[in-house]
Amino acid sequence: MAVADTLARRVPPRRRPPRRRHRLVLLAYLAPAAVVLIGLLGYPLYQLVQMSFYDYGQEQVSGGAPVHWIGLDNYTALFGDPQFWSVLLQTVLFAAVCVVLTILVGLLLAFLAARLRPWVRTVLFIAALEAWAAPAVTGSTVWLFMFDANFGIVNEVLTSLGMAYFDGHSWTFGKLSAFGLVAAEVVWCSFPFVMVTLYAGLRGISPDVLEAAALDGASGRRTLVSIVIPMLRPALTVVTIQSIIWDMKVFGQIYIMTDGGGIAGRNLVLNVYAYQKAFASSQYGAGAAIGVVTVILLLLVTVVHLNITRRRGEEL
Amino acid sequence: MSTVDTPAAPAPALGVARPSGGQPPRRRRRRRGSARADVLGLVCAAVIAFPLYWMVLSAVKPEGEVQSLNPRPWTLRPALDSFQRLFSVNDFGRYFLNSVIVAVVVVVLSAGCAFLAATALTRFRFRLRGALLVALLVAQMIPVESLTIPLFFLIRNLGDAVPPLGLNQLGALVLVHLGLGLPFTIWMLRGFVRVVPEELEEAAYLDGASRWQFLTRILFPLVAPGLVATSVFSFINAWNDFLFAKTLIISAPEQQTLPMSLLVFMKVDQNDWGAIMAGSTIMTIPVLVFFLLVQRHLVAGTAGAVKG
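Protein chains in written order, with this note's numbering: chain L, 10 to 325; chain X, 160 to 467.
Simulated from the structure, these hints should not be mistaken for laboratory data. Hints may be right or wrong, so weigh each one.
[Claimed, not checked] Result set (DSSO-like, lysine-lysine): computed pairs, CA atoms no more than 30 angstroms apart in a straight line:
#	chain 1	residue 1	chain 2	residue 2
1	X	LYS426	L	LYS184
2	X	LYS405	X	LYS426
3	X	LYS405	L	LYS184
Using the sequences and the accompanying hints, generate a full structural model.
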């Protein structure tokens, strides 16, 4: 490299850049990102909290009526509303089901991938990458179409297998079946991340360790439980936490597949609930309060995540 | 929209990138009885790939075959009816262009901001550095969906002062995606800047280069592959966005981006599935191409976290 050559040729030069300008340069480098992050992330976050303490409604937002500090009223109203609790429960259960299924499918396919012929593995990975790449919007439309009551391939196949019940059956009408459909789409587009990461973890396990286990007479199952799973634990932790974060804040899929939260809002999750409160019923203050609850929930997950990372002694 | 916001840093490519690379001999032993595994693997791949196959197939089926009570998994008469409907009924070309504009501007701006910030965070030692890094990490975890309400008001007020950045303007989408994607972009780019040896910087200064020359002539080319990877992520995030397109473009159909224009064809009990699938195909293909380009970086961050 030219730089290295010149280093040898020209000694000793004057040392640049001067220390004094150091600080200014640093500020100049950080400034653009700082402006963007403070303006578009920090300030809105502050405003979200602030709004949750005011009575922002239709008159205040479009009519110019004065806003009033109402303290915790938005929160007391929210916590007194049975719908909030059922939405919260739904959000957590929905996320839990999605996370468990995603990890399970990802883990099993990672194990499978490790025993495949290279070309078969490539085919499997390409298929998974496709699913991963699909935008939430198009994933939702495609799954809706496959499960369409009249024109969907799924009902067609089930009916032709003799299950006449599914002729014209609506998958989005029932509360559980609608949630199940969304969960299927979510798992479909999120398991590839888990699979690819865990596969990388599997490849990282030294063959010597496995050989030693085999020499010691460990059965396949024993090796799995005592060696492979413990060695995969760091990777499993990461993908689990990442999945929890993703699945707690699913928005597009629920919104599109259940048409804005299902019939009478029975398929709402927190994000969609906050959105509908604010933009459909013009209770912006109440919507902000739900937003604050969501942020706190996810920050709790993050704190756990950071603690685990720190315990492993990783450098930031 | 959160398909790709994984904390990441460069690391060796995965099996996907070099699936047939030199396998250690132990693979031989596992070969026995693996024909069944191979068959199972192919079946799984087929199931996983089916939805997108179905999407593309339905997009090229002639009109009568899409909305058929007996859908077939193939078509003998591929046609472009659905695409034609898409572009004539709805100004789909316009929406496509809008999506491209938003995504490209976001990519350029966030690459610039992130490159400088990543350099500052790796090349300088200062007291707040650790705090900033933690802040970046936490910022990635903020559920951006929760910020929809304040961002709506922020953009509304901003529009009074700077009209091109207000509601119903593409500039609003650019701003929002720039802000929401930046923590991840900086975080990822940091990994690429960090691996450039310090000696190179010292050598450049000894050689009389200014900081700016070092930044643009030496560091930038070396970090370029990383910039490409992070740019693809910014692109995909902006491109896939449904929430903010829905929230911020409320009464200007000509400023819509792809996701919202797709939903125009979704009407209760009379969905035009052919057009929806054609639009979905158009929206998915660029992402698919970009995804294949950067797949080696996808797990990288976690691979880094996993090594411990």
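Outcome of the hint check:
1. LYS426(X) / LYS184(L): holds (20 angstroms)
2. LYS405(X) / LYS426(X): Holds. LYS405(X) to LYS426(X) sits at ~16 angstroms (cutoff 30 angstroms).
3. LYS405(X) / LYS184(L): holds (25 angstroms)
When the structure is compared with the earlier hints, no violation turns up for any of them.
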